[in-house]
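Quick mapping for you: the protein sequence lines, in order, are chains U and F. The first sequence begins at 1 in this note's numbering and counts up by one. The second sequence begins at 1 in this note's numbering and counts up by one.
These aren't lab readings, by the way, just hints derived from the structure by calculation. We put the CB at the ideal spot given by N, CA and C, even for glycine. Among these hints, one or two may not hold up.
Now the stretches of chain U that chain F is said to cover, found in silico as 3 or more residues with beta-carbon under 8 Å [to be verified]:
| # | stretch |
| --- | --- |
| 1 | 54-68 |
| 2 | 80-89 |
Among chain F residues calculated to face chain U with C-beta under 8 Å, some are [what the hints assert, rightly or not]:
| # | residue |
| --- | --- |
| 3 | Lys21 |
| 4 | Ala51 |
| 5 | Val54 |
| 6 | Met56 |
| 7 | Asn78 |
| 8 | Thr79 |
| 9 | Met82 |
| 10 | Ile86 |
| 11 | Glu111 |
Derived DSBU-like pairs: lysine-lysine, alpha-carbon spacing no greater than 35 Å straight-line [to be verified]:
| # | chain 1 | residue 1 | chain 2 | residue 2 |
| --- | --- | --- | --- | --- |
| 12 | F | Lys95 | U | Lys214 |
| 13 | U | Lys67 | F | Lys125 |
| 14 | F | Lys90 | U | Lys154 |
| 15 | F | Lys88 | U | Lys18 |
| 16 | F | Lys126 | U | Lys154 |
| 17 | F | Lys32 | U | Lys95 |
| 18 | U | Lys39 | F | Lys125 |
| 19 | F | Lys92 | U | Lys214 |
| 20 | F | Lys92 | U | Lys39 |
| 21 | F | Lys107 | U | Lys154 |
| 22 | U | Lys41 | F | Lys126 |
| 23 | U | Lys214 | F | Lys88 |
| 24 | F | Lys107 | U | Lys41 |
| 25 | U | Lys154 | F | Lys88 |
| 26 | U | Lys154 | F | Lys32 |
| 27 | U | Lys39 | F | Lys126 |
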Amino acid sequence: MTEQNMDKKFVIVVGAGKTGYNLTKLLMEEGHEVLLVEKNKARYFELNNELGENIFLGDASESEVLKNIGTNRANVLVAVTGDDDTNLVICQMAKIMYMVPRTIARISNPKNEDIFSSLGVDNVVNTTQIVNSLIEKEVDAGMLVPVMELKGGKVEIVETEITSNSPVVNKQIKDIKLPEDCLIVSIVRGDDVIFPHGNTTLQKDDTVMALVSKDKKAELRKIL
Amino acid sequence: MRIIILGCGRLGSMIARRMAKDTKNQVIVIDKDNNALSKLGNDFPGKVMQADGVNMAIYSQILSEKADVFLALTNIDNTNIMAAEIAKQKYKVEKVIARIDDPIRAKAFEELGIETFCPTTLSEKKILKMMTPAKVEEDRGE
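Isolated chain F (complex conformation):
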């Protein structure tokens, strides 16, 4: 698979490394910060590109060749949305996933056909789950 990842923070770099382990995958990581890209290390088998995620020019370069997956994982919602829309609408990438921290924004753009995930909602669920057993015990104790 040809996989494009925008944003090389903790999440982006982790996924990039994981996906690149499969030698059948071609992974391309984009970040505007060179330091972020260096996190991947010298032995990273994929390609890295230093570029701004909201600059159309890079996509005409990268996405002119068919990509299977596009992941927008920066910590800026709007950047992720715009990049995802470019990939989806203009370059017809089949699988486009965007990270959106604002739950309502995530829902709004989900309706537009972009698959989103929201770290805030996921954390909320996780935290509530972690709290529940303790709460049950507390209730019993009373």
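Isolated chain U (complex conformation):
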């Protein structure tokens, strides 16, 4: 059931702020079944005309609400409310009670990043390119966006957009002096995913995904 219908997913998005709202709209455009959950009545009614049955009024950290919105058949749950604790708990409940295969939490306080991963939440921005590129759109270019933490949190997959003034633009990967413990794993260019090798040339607006150890992140940021 999990891998068969890869293209169409049922995605629950919690929190109808800017991120949640835009994510919902884009995922809908991609043809996914999306349900946006918002607990604030005013915000709900503001979006209700536009989103219709794709928006639900309720507090997703209430177990009753999770049950009513069909969390048990969700492929992905994305918690992007403004509260770290709420995002964490919703993801954990989706995991424990409904075995949702992928849970993604937004973190506002960077200091909380470590514990989120050690608490066993997926805390993974979906590797299906769609979701993570959508989330990435909300973030300023030039930043390393954590996509996934590998066990222990010592190694991370990060992504960043190559801007026109980046020192590596129009350079071949073999000519870029990457820090140790760092590997460019893929490049997203437009709609294409490129599996890079040494003579792949980085272009402006490429999204680069890299596997990097935590203590080399700063170095990588400087280089890109």
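Given the structure of chain U, go ahead and fit chain F onto it with the hints provided.
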């Protein structure tokens, strides 16, 4: 014992005062609201800290020294859960107890190894108990 209490409402402050009566205990109370902390009074022998319970930074400060008990007693379930998990998983505090008002949520996190208590369930039991004798008498009366 070194006891950390998050949340200085009625419950938190009551427990804090009770635990601090034993001079062998070192009690530290955290609340994001300074007014809440002032409820403990000037003669409170323990330590108070004004801080947000979901900010990791304070725990690295407080929990780097071994704590015996961590109580998460705010009125926000999610805050209590997150704080309790930090204490339990990251800082390996032996006794971690979290207040969770939503009974189903309480059960779910109990399974994750956090000791929880649920005021809603406790009140329910108490109320039912209080009602029972009256009901029995009523039944007899009929």
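Hint-by-hint comparison with the structure:
1. A count of 4 residues in the stretch 54-68 of chain U with a Cβ less than 8 Å from any Cβ of chain F is obtained; the coverage claim is therefore met, three being the minimum.
2. Counting residues of the stretch 80-89 of chain U whose CB falls under 8 Å from any CB of chain F gives 6; the rule of at least 3 is met.
3. The interface hint given for Lys21(F) is violated, since its Cβ lies 31 Å from the closest Cβ of chain U, which is over the 8 Å cut-off.
4. Taking 8 Å as the C-beta contact cut-off toward chain U, the hint placing Ala51(F) at the interface is violated, the least distance being around 12 Å.
5. Of the supplied interface hints, the one on Val54(F) holds, with its beta-carbon coming within about 4 Å of a beta-carbon of chain U, less than 8 Å.
6. At about 4 Å, the closest approach between the beta carbon of Met56(F) and any beta carbon in chain U falls short of 8 Å, and the interface hint on this residue holds.
7. Below 8 Å, beta-carbon pairs count as interface contacts, and Asn78(F) has one with chain U at about 4 Å; its hint therefore holds.
8. The restraint placing Thr79(F) at the interface with chain U holds, with a minimum CB-CB distance near 5 Å, inside the 8 Å limit.
9. A hinted interface residue such as Met82(F) counts as satisfied when its beta carbon comes closer than 8 Å to some beta carbon of chain U; here the least separation is about 4 Å, so the hint holds.
10. For Ile86(F), the interface hint holds, since its Cβ comes within 8 Å of a Cβ in chain U; the closest pair sits about 6 Å apart.
11. For Glu111(F), the suggested interface contact is upheld, since its CB lies about 7 Å from the closest CB of chain U, less than 8 Å.
12. A threshold of 35 Å between alpha carbons decides the hint, and for Lys95(F) with Lys214(U) the separation of about 31 Å falls inside it, so the pair holds.
13. Taking the CA atoms of Lys67(U) and Lys125(F), the gap is about 25 Å. The hint holds against a cut of 35 Å.
14. The hinted pair formed by Lys90(F) and Lys154(U) meets the criterion: a straight-line CA distance of about 15 Å does not exceed 35 Å.
15. Simply put, Lys88(F) and Lys18(U) have alpha-carbon atoms about 34 Å apart, close enough for the 35 Å limit, and the pair holds.
16. Proposed proximity of Lys126(F) and Lys154(U) is contradicted: the alpha carbons are some 48 Å apart, above 35 Å.
17. Between the alpha carbons of Lys32(F) and Lys95(U) the distance comes to roughly 30 Å, so the proposed pair stays at or under 35 Å and holds.
18. Note on Lys39(U) and Lys125(F): the hinted pairing holds, with a Cα-Cα distance of about 30 Å set against a maximum of 35 Å.
19. Between the alpha carbons of Lys92(F) and Lys214(U) the distance comes to roughly 23 Å, so the proposed pair stays at or under 35 Å and holds.
20. Between Lys92(F) and Lys39(U) the alpha-carbon distance is near 34 Å, which keeps this suggested pair within the 35 Å criterion.
21. Distance check on the hinted pair: Lys107(F) and Lys154(U) sit about 32 Å apart at the alpha-carbon level, within 35 Å; holds.
22. Taking the CA atoms of Lys41(U) and Lys126(F), the gap is about 34 Å. The hint holds against a cut of 35 Å.
23. As the CA atoms of Lys214(U) and Lys88(F) are separated by approximately 24 Å, the hinted pair is consistent with the 35 Å bound.
24. Proposed proximity of Lys107(F) and Lys41(U) is supported: the alpha carbons are some 28 Å apart, at most 35 Å.
25. Between Lys154(U) and Lys88(F) the alpha-carbon distance is near 20 Å, which keeps this suggested pair within the 35 Å criterion.
26. Between Lys154(U) and Lys32(F), the direct Cα distance comes to roughly 31 Å. Compliance with the 35 Å bound is thereby established for this hinted pair.
27. With a C-alpha separation of about 31 Å, the suggested pairing of Lys39(U) with Lys126(F) holds against the 35 Å cut-off.
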